[in-house]
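Chemist: Listed here are the chains, written in short residue letters.
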Amino acid sequence: MHSVSVQNLSLKFGAAEVLKNLNLDVEEGEFIVLLGPSGCGKSTLLNCLAGLLELSEGQIHIKGKNVTWAEPSERGIGMVFQSYALYPQMTVRGNLSFGLKIAKLPKEEIEKRVQRASEILQIGPLLDRKPGALSGGQRQRVAIGRALVRDVDVFLFDEPLSNLDAKLRSELRVELKRLHNRLKNTMIYVTHDQIEALTLADRIAIMRGGIIQQLDAPQTIYNRPSNLFVAGFIGSPAMNFIKGTTVGGGKAFKFGDVTLNLVGYEGGAIMDRPKAIIGLRPEHLAIVDEAVPGLTIPAVVEIDEPMGADSLVWLEAEGKQISVRVPVEHRPVAGTKVHLKVDIAKSSLFDETSELRI
Amino acid sequence: MTNAASFATTPSGAKPKPFITWERFVVYAVLIVCALFFLLPLYIMIMTSFKSMAEVQSGNIFVPTLHPTFDAWSKAWDSACTGLYCEGIKVGFWNSVKITVPSTIVSIAVASVTGYSLANWPFKFSEVFFTILLLGSFIPYVVMIYPLVIITRELGIFSTLWAVILVHTIFGLPIQTLLFRNYFASLPQELFKAARVDGAGYWGIFFRIFVPMSVPIFTVSVILQVTGIWNDFLFGVIYAGPTNYPMTVQLNNIVNSSMGGKAYNVDMAATILTGIVPLTIYFVSGKYFVRGIAAGAVKG
Amino acid sequence: MMLIVLGVFVCGTIWTVLFSFTNIKILPIFTPKEWIDGFVGLANYRRLFNTDRWMSCPAITHIGMADWRFTCTGALPNMVTYAVLSIAIAVSLGFLLAVLMDQKIRAEGVFRTIYLYPFALSFVVTGHVWAWIMSPEYGLQASMRQLGWDSFSFGWIADRKMVMYAIVIAGIWQGTGFVMALMLAGLRGIDEDIWKASKVDGIPAWRTYIQIVIPMMKPVLVTIFVIVTSGAVRIYDLVVAITDGGPGISSDVPSRYIYQNFSANLGQSLSASTVMLVAMAIVLIPWIRMEFGKKSQA
Amino acid sequence: MKNWKLAAALCASVALPSVAMATDLEVTHWWTSGGESAAVAEFAKAFDATGNHWVDGAIAGSSDTARPIIISRIMGGNPMGATQLNPGKDADELIKAGLMQDITDLATKEDWAHILRPASQLASCTVDGKVYCVPVNLHSGQWMWVNRKVFEDNGMAVPTNYNELIAAAPALQAKGIQPLSLAQGWAIGLLAGDLMVAVAGVDNYVKVYKDRDMTIAKGPEFTKVFEAIAAARQFAPADKIVPQWNEAVSLVIQGKAAANIMGDWAGGEFAVAGLVAGKDFDCLPGLGLTPVLDTGGDVFYFPKNADPAITAAQLTLASTLVTKDVQVAFNLKKGSLPMRADVDLSKANDCMKKGLEILDHSTAVFPSGSQMIDRDSLNQINDLLNEFFANTDMSVADAQAKFAAIIEAAPK
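Sequences listed follow chains A, B, C and D, in order. With numbering that gives the first Met the number 0 as the guide, the letters of the first sequence map in order to residues 0 to 357. With numbering that gives the first Met the number 0 as the guide, the letters of the second sequence map in order to residues 0 to 299. With numbering that gives the first Met the number 0 as the guide, the letters of the third sequence map in order to residues 0 to 297. With numbering that gives the first Met the number 0 as the guide, the letters of the fourth sequence map in order to residues 0 to 411.
No wet-lab data here; the hints were simulated from the structure. Bear in mind the structure is a predicted one, so any value in this text is a computation, not a measurement. No residue lacks a Cβ here, since even glycine has one placed at the ideal position from N, Cα and C. Fair warning: there could be bad hints in the mix.
The calculated SDA-like cross-link candidates involving lysine to any residue, where the alpha carbons are at most 20 Å apart (straight line), are [to be verified]: (1) A/K129 with A/D150; (2) A/K11 with B/A13; (3) A/K242 with A/G293; (4) B/K286 with C/Q102.
Just the calculated beta-carbon pair ranges, DEER-fashion [stated by the list, open to error]: (5) B/P241 with C/W148: 51 to 57 Å; (6) D/E226 with C/I284: 38 to 44 Å; (7) C/V83 with A/R115: 21 to 27 Å; (8) C/V9 with B/V283: 37 to 43 Å; (9) D/V342 with C/V9: 44 to 50 Å.
Derived list of chain D stretches under chain C, where covered just means 3 residues or more per stretch with a C-beta under 8 Å from a C-beta of chain C [to be verified]: (10) 345 to 358; (11) 362 to 376; (12) 380 to 393.
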């Protein structure tokens with residue numbers, strides 16, 4: 000039994016189809032991140048799961064129960080919002096317990112749950128304060144607490160860390176992971192921040208235009224993006240794309256004067272394609288002095304950006320800008336002619352027409 | 000449970016709804032009943048404006064006219080007499096526009112910035128300032144007429160458009176400032192803090208954060224100011240000078256004739272005609288009331 | 000600009016207060032010399048409070064404050080009656096309408112315009128229409144009786160004790176739309192996520208309004224309250240158009256007293272304004288200190 | 000120097016009207032209804048014929064609305080060329096403050112003292128022997144308007160005076176007809192004022208209002224007045240009182256009410272409705288009791304102006320307003336009586352002719368309230384009378400005492 004199961008979900012606002020025939024199965028205890036650019040439908044999908052938006056077609060099951068028509072509060076979900084959405088005139092305790100009081104839970108039970116949530120989130124000392132007197136990080140903890148006390152199986156997060164500054168964001172990210180490890184609840188998490196996605200997710204669903212482009216473990220998504228969009232979206236700095244052709248029955252990739260040997264490429268049948276694209280991540284390239292036929296690309300160093308732990312070097316090859324991540328101690332001098340060694344096993348090939356990974 | 004039954008009741012797609020639910024019915028019923036109460040005087044005005052004076056004097060005010068005529072309308076617009084001239088209320092139309100547009104813009108601009116300062120950048124005497132402003136909104140404006148005559152005379156702008164713009168800005172300020180100050184105060188303060196952390200300055204925060212988030216309140220403010228200024232008679236006639244007499248001077252002259260007989264049908268038509276500009280603004284402003292025009296649009 | 004405005008209010012107020020102690024009549028005076036020459040002490044105030052039209056409280060000495068309205072007559076008590084009733088009704092009705100308008104209804108623009116239009120029209124004429132409607136001779140009462148409902152009676156406008164309530168009806172008609180618009184703006188300034196959170200929490204909509212949204216709208220509510228109050232305190236057009244103070248002087252209000260004296264006895268006008276100003280200051284200043292003082296310290 | 004300038008201007012305006020430079024002169028007034036506009040047009044036509052130009056600044060709403068505007072304009076340093084203003088006490092302060100143009104020389108030259116009548120009109124334009132305004136017409140408020148048909152249809156005698164109307168009142172009420180229609184506000188004040196004149200007599204009325212004779216104000220004559228007012232209020236109960244004077248007149252025209260007491264301007268309403276005096280309705284000056292009329296009227300003042308061209312135009316206008324042709328043309332349209340006796344008014348209607356006849360007897364003419372007492376006191380009296388009329392709990396003695404107190408406190 001899936002924890003959350005979405006079948007053939009479509010959502011239309013008038014003529015505009017915001018979500019298109021979506022399917023998504025989430026396992027018990029899984030941490031799923033919905034990732035995508037603005038307007039891709041990720042928050043909309045989350046709102047559909049929560050029952051805050053009515054879908055046009057399809058079904059939603061949570062814990063095996065068909066909740067397609069159920070009220071938000073009856074779905075067994077808790078939700079955390081970007082703007083925290085705390086009730087400003089109530090104390091933290093009030094915020095945590097308000098929904099439970101409405102549900103007419105016995106007092107002791109409410110007290111027990113508030114106590115537990117405040118322990119888990121370490122907000123005990125804040126219980127009698129009002130949200131206005133809390134910092135952003137504290138507020139978001141309270142917002143999580145409000146989902147926690149509902150004692151539900153599925154947590155929905157709608158960009159919960161976007162309103163925080165960078166430092167707090169990374170702290171809370173770790174805390175969220177810890178929380179997930181401890182509670183083992185199903186969590187569905189919307190963000191536009193790929194670091195959050197890569198660090199938190201068991202699986203990432205990359206969305207675009209109301210369609211899930213790829214749903215896979217972070218490493219798979221990173222190393223084997225299923226199409227050009229996913230490849231370009233994930234990774235910072237972005238993957239280098241070079242247009243060319245595959246020749247020799249799929250044995251080599253040719254662009255300009257350069258020919259790369261494709262033996263060892265992990266993927267499908269390459270064949271000869273007149274329009275292909277090779278994607279190379281900056282950390283999968285290395286700067287070498289000597290050319291190796293079929294394995295290196297000649298290039299000229301333009302600038303480098305030291306980033307602390309390593310350095311990002313920008314080079315020019317065959318009229319194309321290419322970025323390479325190198326250890327700081329290996330920073331080359333601008334204007335130097337070098338060669339870039341390609342790790343074919345970690346590269347991605349795409350068909351330019353279909354934009355799909357080969 | 001049989002399979003067939005299960006299939007039939009398996010929720011899928013949009014939740015089926017009756018044509019109208021009980022709650023919806025109550026919502027619309029209340030709205031419509033209230034609308035009828037609000038429309039009753041308008042109905043009488045319109046009916047009266049289509050009657051002849053003989054029919055007005057002999058008939059029941061609620062009874063629809065039997066012989067509708069546009070005479071009162073054309074007379075109100077085109078030929079009703081106000082003193083020497085019999086050119087109806089159209090005469091002052093452009094003057095009213097000339098007074099209303101700059102007065103509305105200036106007063107709202109000044110008030111929104113003042114409200115923003117009071118809400119987010121408190122200065123030393125801001126509380127005193129605000130108290131005086133607030134008290135100002137309770138002064139019967141008529142007693143300020145003479146001091147303002149002296150002030151505008153000393154500024155050398157008496158009997159010009161500038162004087163009337165100044166006066167409207169001054170009298171609009173207490174309520175307008177209150178409007179903006181309190182609305183800005185109700186917006187989440189994190190936004191203000193975050194923007195400051197990001198290095199945005201006084202004007203940057205105002206224009207990039209607060210203005211876009213405050214479209215509904217700007218709409219209310221425009222409604223308030225346009226109505227007040229468009230319908231103002233006294234300030235226009237005193238401070239704007241005879242060459243800038245607004246439309247309401249003609250309306251007043253038609254409606255308030257002291258001794259001569261009253262042509263109610265023309266009065267009604269003239270009133271509705273004068274009110275068309277604010278009414279249009281109310282209707283057009285509608286879309287700026289849509290929820291989350293600024294806040295909701297950002298997310299995917 | 001702010002300083003000019005401040006200056007105008009301060010100067011205007013000082014002038015009003017100072018020259019309310021002079022025998023200023025029709026032509027305004029401004030200089031200290033004229034002030035000294037025309038100084039009459041409290042004469043204007045003495046006359047003001049000896050005028051039945053302003054306030055007359057025959058039984059105030061032996062009847063408690065609770066009966067104030069019913070024993071006192073005159074412009075000032077009338078204004079208090081009007082203010083209390085119209086504020087209470089316009090604010091609650093305005094809120095109700097705003098909430099209903101917020102239910103994603105069809106034709107929102109049409110309803111909004113219908114509720115707002117009275118605000119756009121000059122009261123000189125719409126007031127006259129109300130006078131017609133409420134007139135026992137021409138209006139509702141006459142029509143109902145024509146239709147055969149002989150016992151129907153709606154003659155508030157001609158009844159000295161009820162006439163202020165008749166004015167309240169017209170006041171609500173005129174002002175509620177604006178309150179509704181402000182409320183609607185306030186409602187739409189509420190973070191959408193708050194609504195979502197309360198739905199997920201399973202809080203019924205009416206409780207969300209009362210326990211969460213209304214408290215969040217407090218600044219807007221304060222604005223509405225001040226605007227409606229200042230409108231009620233300065234009520235003028237409405238009374239002039241509907242009853243012109245009648246029957247007798249039973250529906251007179253302070254602004255009408257101030258306006259009428261403005262072109263006959265400025266001293267009365269100024270002293271009446273000063274009384275209003277002092278009364279408002281007594282009510283407002285402590286409240287402002289409480290309301291806004293804590294915010295600026297926090 | 001100043002006098003010389005004035006004299007020069009005077010010469011220019013009177014002696015050489017055709018050569019005078021065309022000057023725009025803004026004139027404020029509150030005549031805006033159809034008939035009033037037509038009357039103003041006569042003034043404008045005549046003034047434009049002098050080579051100048053009449054710029055109309057109509058502001059409706061009677062002097063209460065217009066006065067602050069006029070004062071503001073004068074104080075703001077942008078005065079109008081000429082303005083209608085209630086004569087007498089209202090304008091005194093403006094004159095004392097030196098804001099008004101002295102037109103004595105013109106008045107002397109044209110011998111207004113002899114050609115304009117009654118003398119009270121010019122007198123109220125005169126302060127300390129100097130003339131500041133031009134009276135242009137006479138209006139009187141002592142008229143009772145009776146719908147003949149109401150009585151004829153019911154087989155009753157048409158009353159010829161107020162007392163007969165009151166006598167017929169119970170019979171009218173029995174037939175569902177309101178004996179007396181009445182409008183709110185100043186109309187009640189006007190009715191009460193007419194009753195003062197009718198019951199207490201012109202002399203006593205003038206003694207109280209002008210001389211502030213307190214023994215009469217507190218005495219039995221005025222007790223009778225207030226008793227008469229108290230009697231009138233039962234014939235026009237509060238729920239029958241209409242907001243506007245013309246609605247009250249309209250009730251008489253429609254036959255819903257038998258009579259109304261209103262000034263001569265009510266004649267216009269009857270004319271518009273197509274009713275003929277003497278046949279359909281009667282107009283009874285002095286309420287039919289004693290044929291007397293007060294002489295309210297309209298006057299024009301000329302605010303001082305720095306521009307000599309305007310001063311000249313002001314004098315031209317002043318002179319134009321009282322010429323024979325203009326007086327006839329204007330007053331026929333306005334429905335008021337002309338200031339000059341030496342004009343032909345054969346076109347006047349019956350009611351106007353009745354008025355003209357009374358005007359010829361100087362004893363039957365007396366000054367209007369605003370010429371004798373200040374506006375502030377008149378307002379207070381009006382408030383009192385309105386309250387007395389509406390509040391049946393107020394006793395006659397109480398009302399009279401309050402009335403006397405206002406008279407006593409009025410500035411001399």
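Chemist: For every hint, state whether the structure bears it out.
Modeler: Hint check:
no.	hint	in the structure
1	A/K129 with A/D150	violated (23 Å)
2	A/K11 with B/A13	holds (11 Å)
3	A/K242 with A/G293	holds (16 Å)
4	B/K286 with C/Q102	holds (15 Å)
5	B/P241 with C/W148: 51 to 57 Å	holds (53 Å)
6	D/E226 with C/I284: 38 to 44 Å	violated (51 Å)
7	C/V83 with A/R115: 21 to 27 Å	violated (50 Å)
8	C/V9 with B/V283: 37 to 43 Å	holds (38 Å)
9	D/V342 with C/V9: 44 to 50 Å	violated (57 Å)
10	345 to 358	violated (count 0)
11	362 to 376	holds (count 3)
12	380 to 393	holds (count 7)
Hints 1, 6, 7, 9 and 10 from the list above are not met by this structure, while the remaining hints are.
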